[in-house]
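Chains as they are written, first to last, in our numbering: chain A, 609 to 884; chain B, 3 to 416; chain C, 4 to 305.
It cannot be assumed that every hint is accurate.
As a list, the in silico BS3-like pairs of lysine-lysine whose alpha-carbon atoms are at most 30 Å apart [said to hold, decoys possible]:
| no. | chain 1 | residue 1 | chain 2 | residue 2 |
| --- | --- | --- | --- | --- |
| 1 | B | K218 | A | K735 |
| 2 | B | K218 | C | K151 |
| 3 | B | K218 | B | K228 |
| 4 | B | K218 | C | K55 |
| 5 | B | K179 | C | K55 |
| 6 | B | K396 | C | K52 |
| 7 | B | K119 | B | K135 |
| 8 | C | K55 | B | K312 |
| 9 | C | K52 | B | K89 |
| 10 | B | K328 | B | K350 |
| 11 | B | K173 | C | K151 |
| 12 | C | K270 | B | K209 |
| 13 | C | K151 | B | K235 |
| 14 | B | K397 | C | K270 |
| 15 | B | K312 | C | K301 |
| 16 | B | K89 | A | K735 |
| 17 | B | K135 | C | K52 |
| 18 | B | K416 | C | K151 |
| 19 | B | K137 | C | K55 |
| 20 | B | K328 | B | K33 |
| 21 | C | K151 | B | K412 |
Chain B stretches covered by chain C per the calculated footprint, using a threshold of three residues with CB under 8 Å from any CB of chain C [claimed, not checked]:
| no. | region |
| --- | --- |
| 22 | 93-107 |
| 23 | 184-190 |
| 24 | 236-247 |
Treat the hints as calculated values from the structure; they're not laboratory data.
Glycine residues also receive a C-beta, built at the ideal position from the N, C-alpha and C atoms.
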Amino acid sequence: MKWRNRGKLPAVVITIVLLLFLLFPFFVMISTMLKSSEEVYASPPTWIPERLHLSNFITVWSEFELYIFFRSSIIIAVGATIFNTILTVPAAYALARLRFVGRKFTLYLFLVIQMFSPVIVIISLFKIMVGLNLLDTYFSLIIANTVFTIAFTIWMMNGYFKSIPVEIEEAALIDGCSRVQTITRIMIPIAVPGLVTAMIYTFIYAWNEFLFGLTFIHSRPKMPLVLALYNFVGRWSTQWELLTTATFLAIIPVLVLFYVIERRLVAGLAGGAVKE
Amino acid sequence: MKRLKLVLSILIVLLLAAGLAFAGGQKAAEKQTVTFFWAEYDGLTEDYRASLQDAFNAAHPDIDADIVSTDWDLMYDKLTTSIAGGKPPELSVIGTRWLLELMTMDVVDEVTQYLSKSTVDNIAPGAMEAKLKGKLMGLPVAAGARILAYNPNLTTTVPKTMEELREVCLKVNNPPKVYALIMPGKLHTELTDFAYYFYAAGGNFFKMEPDGSYGKCTVNSPEGVKALSFMNKLAQEDKVVQEGYLGLDRMDSHPLFYTGKVAYTFIGAWVESAAKNAGAPFQPKYGQIPPFAGQKQKPLIITDSIAMFKGTNLEAAGTFLDFFYKDEWKAKFDEAIGFPPVTISAGKLPQFQTPLYKILGEAALNAQGWPLIEEWAECSNIIFNAQIEVHLGKKTPQKALDDAAAAIDKLRGK
Amino acid sequence: MADASISLKQKLWNSEARLAYLLLLPAVVVLLTFMFYPIVYVLLMAFYKTNKLSRMVAFVGLRNFTSEMSDPEFWVITGRSMLWTTLAVVTKTLFGMIIALILNVRYTGRKIARMLFIIPWASAVPISSMLWRWVYHPVYGLLNHTLKVTGLWSTPTTWLGYPIPAFIACIWVDIWIGIPFMALVFLAGMQAISEDLYESASLDGVNWWQKFFFITLPGIRHIVLIATLLSCLWTFNDFNTIYILTMGGPAGATDILITRIYQNAFKWLRFDRAAVMAFVTFLILTGLSIIYSRVYFKEERL
Numbered sequence: 609m610k611w612r613n614r615g616k617l618p619a620v621v622i623t624i625v626l627l628l629f630l631l632f633p634f635f636v637m638i639s640t641m642l643k644s645s646e647e648v649y650a651s652p653p654t655w656i657p658e659r660l661h662l663s664n665f666i667t668v669w670s671e672f673e674l675y676i677f678f679r680s681s682i683i684i685a686v687g688a689t690i691f692n693t694i695l696t697v698p699a700a701y702a703l704a705r706l707r708f709v710g711r712k713f714t715l716y717l718f719l720v721i722q723m724f725s726p727v728i729v730i731i732s733l734f735k736i737m738v739g740l741n742l743l744d745t746y747f748s749l750i751i752a753n754t755v756f757t758i759a760f761t762i763w764m765m766n767g768y769f770k771s772i773p774v775e776i777e778e779a780a781l782i783d784g785c786s787r788v789q790t791i792t793r794i795m796i797p798i799a800v801p802g803l804v805t806a807m808i809y810t811f812i813y814a815w816n817e818f819l820f821g822l823t824f825i826h827s828r829p830k831m832p833l834v835l836a837l838y839n840f841v842g843r844w845s846t847q848w849e850l851l852t853t854a855t856f857l858a859i860i861p862v863l864v865l866f867y868v869i870e871r872r873l874v875a876g877l878a879g880g881a882v883k884e
Numbered sequence: 003m004k005r006l007k008l009v010l011s012i013l014i015v016l017l018l019a020a021g022l023a024f025a026g027g028q029k030a031a032e033k034q035t036v037t038f039f040w041a042e043y044d045g046l047t048e049d050y051r052a053s054l055q056d057a058f059n060a061a062h063p064d065i066d067a068d069i070v071s072t073d074w075d076l077m078y079d080k081l082t083t084s085i086a087g088g089k090p091p092e093l094s095v096i097g098t099r100w101l102l103e104l105m106t107m108d109v110v111d112e113v114t115q116y117l118s119k120s121t122v123d124n125i126a127p128g129a130m131e132a133k134l135k136g137k138l139m140g141l142p143v144a145a146g147a148r149i150l151a152y153n154p155n156l157t158t159t160v161p162k163t164m165e166e167l168r169e170v171c172l173k174v175n176n177p178p179k180v181y182a183l184i185m186p187g188k189l190h191t192e193l194t195d196f197a198y199y200f201y202a203a204g205g206n207f208f209k210m211e212p213d214g215s216y217g218k219c220t221v222n223s224p225e226g227v228k229a230l231s232f233m234n235k236l237a238q239e240d241k242v243v244q245e246g247y248l249g250l251d252r253m254d255s256h257p258l259f260y261t262g263k264v265a266y267t268f269i270g271a272w273v274e275s276a277a278k279n280a281g282a283p284f285q286p287k288y289g290q291i292p293p294f295a296g297q298k299q300k301p302l303i304i305t306d307s308i309a310m311f312k313g314t315n316l317e318a319a320g321t322f323l324d325f326f327y328k329d330e331w332k333a334k335f336d337e338a339i340g341f342p343p344v345t346i347s348a349g350k351l352p353q354f355q356t357p358l359y360k361i362l363g364e365a366a367l368n369a370q371g372w373p374l375i376e377e378w379a380e381c382s383n384i385i386f387n388a389q390i391e392v393h394l395g396k397k398t399p400q401k402a403l404d405d406a407a408a409a410i411d412k413l414r415g416k
Numbered sequence: 004m005a006d007a008s009i010s011l012k013q014k015l016w017n018s019e020a021r022l023a024y025l026l027l028l029p030a031v032v033v034l035l036t037f038m039f040y041p042i043v044y045v046l047l048m049a050f051y052k053t054n055k056l057s058r059m060v061a062f063v064g065l066r067n068f069t070s071e072m073s074d075p076e077f078w079v080i081t082g083r084s085m086l087w088t089t090l091a092v093v094t095k096t097l098f099g100m101i102i103a104l105i106l107n108v109r110y111t112g113r114k115i116a117r118m119l120f121i122i123p124w125a126s127a128v129p130i131s132s133m134l135w136r137w138v139y140h141p142v143y144g145l146l147n148h149t150l151k152v153t154g155l156w157s158t159p160t161t162w163l164g165y166p167i168p169a170f171i172a173c174i175w176v177d178i179w180i181g182i183p184f185m186a187l188v189f190l191a192g193m194q195a196i197s198e199d200l201y202e203s204a205s206l207d208g209v210n211w212w213q214k215f216f217f218i219t220l221p222g223i224r225h226i227v228l229i230a231t232l233l234s235c236l237w238t239f240n241d242f243n244t245i246y247i248l249t250m251g252g253p254a255g256a257t258d259i260l261i262t263r264i265y266q267n268a269f270k271w272l273r274f275d276r277a278a279v280m281a282f283v284t285f286l287i288l289t290g291l292s293i294i295y296s297r298v299y300f301k302e303e304r305l
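Bound conformation, chain A alone (with noise of 0.2 Å):
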């Protein structure tokens, strides 16, 4: 394999500089996760730990029983994705294939929502769920991380079902195709970089939404990964050696979930379905 990446060599320098760059942090974050707590506070401090603490781990999953929150946040992240898909598929397509009178005002609509930062509506999304006897529910957050997603996901359809070519759905639809069909066994098939991606932006908001845990969780059980996080974060003093730690892991579905989804964003175009 290697003759092939000769050419290539320009660009696996880059990435890795850049890499080295980007994921400082992150070098940091290992480092401070195999410290002991003393470690931690050593002057000056030390990329390489003395001695390797990886009883950090067994601490933070099984005494603050990490694993619980790691099902919530699941629950949460995938059932947001889910419903962010049902929402903004067909929404996407309306937008992008179909004229009607209020087009641009419903663009522009999805557009407004995003003018409000989570921080700036909570009080009022609250009184709503609590209205709607949503309070302490996974529902609750399903559905505030899929309206705070969804103005992305659906410009983004919208946008990669506009640069499908319409004449790939006319000759489907001339073929017997109802629009539903078309919908369903064309533009999605080839829009599946885009709905990858949509997909994972969403998980990813959701995965990592704190505002709204905090706010309309009570029960223990059902709280999101990243309030367990803060677990670490006393009043006086941070346990940097657990925060790392339980980062660490919380980091790692995501970028597992990426890995695996990440040959479905590279499927281009299947060359020949452009050319006419």
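Given the structure of chain A, go ahead and fit chains B and C onto it with the hints provided.
Leaving out everything else, chains B and C in the frame of chain A:
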């Protein structure tokens, strides 16, 4: 036909969603629930919280206690949103100072009426900071005066005045290995360490009116200028303060003390447990925060309370508090967080007779809390920023404090 | 029969429009249910005096606005918010574009590289900010330590202690967190461009620079437009990064509108002031969106 299918499927999805929503929210509401926003004090474990909850629920089958663990930094946000959103908890740990706003919002209730007499009588009179307008509006849960802690390996002098402290610092200071004094220079929520120096100079944040209300801001009084100038001198001229102090708030800087890099620090009751957790290579020793020459000792005291919110199951909440405040639970709580006990009975227990607790007890006798005004959080911010501007060299202490006092008066409409 | 003039009813309600409304219904219903009331409430609140419970007490018209805008601090903060947004978004876009291009090249280990580039985004913003705070720590932080040890900077500044370094420190964290998103979105966009275009260009002897400008960039222009617009909206309102790093300090040097909104609403219970600032934010971001949409819809028609 196809379109119909589409419509139907969408409707089904929406119905399912709605169904889940209401199903998810329904709780069998036969039992009385007591929700308690529980602050995560350093040293308190999840085990303790869980066993307290289980023990209470077992002892009182008709009440369902839900102790909601919340990080201290996030507590205020969570509480504000819950209150503004119309669904406050029965109980919450609060900074006692928050009571003022809560009382203006009229969301908290007087606590004595829900507690048994034995619980109320057992509270140490000195801890009753939450007695506002004659009524006890919050049950004290943690009370601690601030003190001076020092590293006996680096210094043995307990300075009697601020001026003496400065002398000792100049002698002990040996950068970059060892610094003399910790001074947080980065904005954090509490106005420490300025308050320590200000009170030590005999200053008061506000002029007290004859009717007991707070008048104009007097942070720019000679005492204030003296305190701030002194702080700036220590930090900028004498440079006896930890390196990079402007980028370190209280939480960032105290580890420097625990790890033996700094000789002196002003700190609170948590010092002993925090030092142990950080693996301190020494046993800290304690003294009082020294006053300036000619002044009386006046350390700062901070108390946290448990507030009871109107419109909730307060009878049941009272039962919970009676349970919690028995020595069996409350003493363990106090020991874990390292604060002096607020109950008379716990105060007599042997584990609370250490040197640290003795010093804390002495300090509490002369200590003064924050000004009891609603807008204190904002005022605190203004004054802290003024302090930082002085350190950055942007303003003189007098000018910075004058501007701060003016801004505060404007804010309060004085 | 006048068929030259299509009646409004027909325009509004033909079969295509009906399908569109149907498809849009779920999303719009959910959004309106949950966001209509909060947004309207906030915007209205700006014109009222509010109590500590965020209830509107008395209508005061524009008084909140005039009192806020007569404070010079307000203008400084607004200007800083715009500077913050512009710098951050431009940098994120540049970095994102470069990384997307690199990751578009086929070389072994690309899959791992792509996964690694996601890392800054994979962690929650408040947690990443805390981690960066630890990195920036003057004594225990590995940044200054490494700078000293490698000789890159023998007396590095206290990052979060002085106004300009603090601003740089904060904006870098925001950029750092935002880069993977940009790279990902651009990369997804690049996948839609057919390989054949590049191949035939190569045959014609076109170099990589021209390929980028004449094939890649036009191919992803929709994506670039929407990604940068959304990034502007998000960056303008990015509160966690700054608040956790500096709380707006030192002495207000890193305060932007959203941090002020948070402080006023959640720390000081001054909901009316927070609402005014939210309203101003809304106006600024709307203005920005209008400019953008002109470009976007002009592009669409091409």
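Hint-by-hint comparison with the structure:
| no. | hint | in the structure |
| --- | --- | --- |
| 1 | K218/B - K735/A | violated, 38 Å |
| 2 | K218/B - K151/C | violated, 49 Å |
| 3 | K218/B - K228/B | holds, 19 Å |
| 4 | K218/B - K55/C | holds, 23 Å |
| 5 | K179/B - K55/C | violated, 49 Å |
| 6 | K396/B - K52/C | violated, 35 Å |
| 7 | K119/B - K135/B | holds, 20 Å |
| 8 | K55/C - K312/B | holds, 16 Å |
| 9 | K52/C - K89/B | holds, 23 Å |
| 10 | K328/B - K350/B | holds, 13 Å |
| 11 | K173/B - K151/C | holds, 28 Å |
| 12 | K270/C - K209/B | holds, 24 Å |
| 13 | K151/C - K235/B | holds, 28 Å |
| 14 | K397/B - K270/C | holds, 26 Å |
| 15 | K312/B - K301/C | violated, 57 Å |
| 16 | K89/B - K735/A | holds, 8 Å |
| 17 | K135/B - K52/C | holds, 27 Å |
| 18 | K416/B - K151/C | violated, 51 Å |
| 19 | K137/B - K55/C | holds, 22 Å |
| 20 | K328/B - K33/B | holds, 24 Å |
| 21 | K151/C - K412/B | violated, 46 Å |
| 22 | 93-107 | holds (count 3) |
| 23 | 184-190 | holds (count 4) |
| 24 | 236-247 | holds (count 4) |
When each numbered hint is compared with the structure, violations occur for hints 1, 2, 5, 6, 15, 18, 21.
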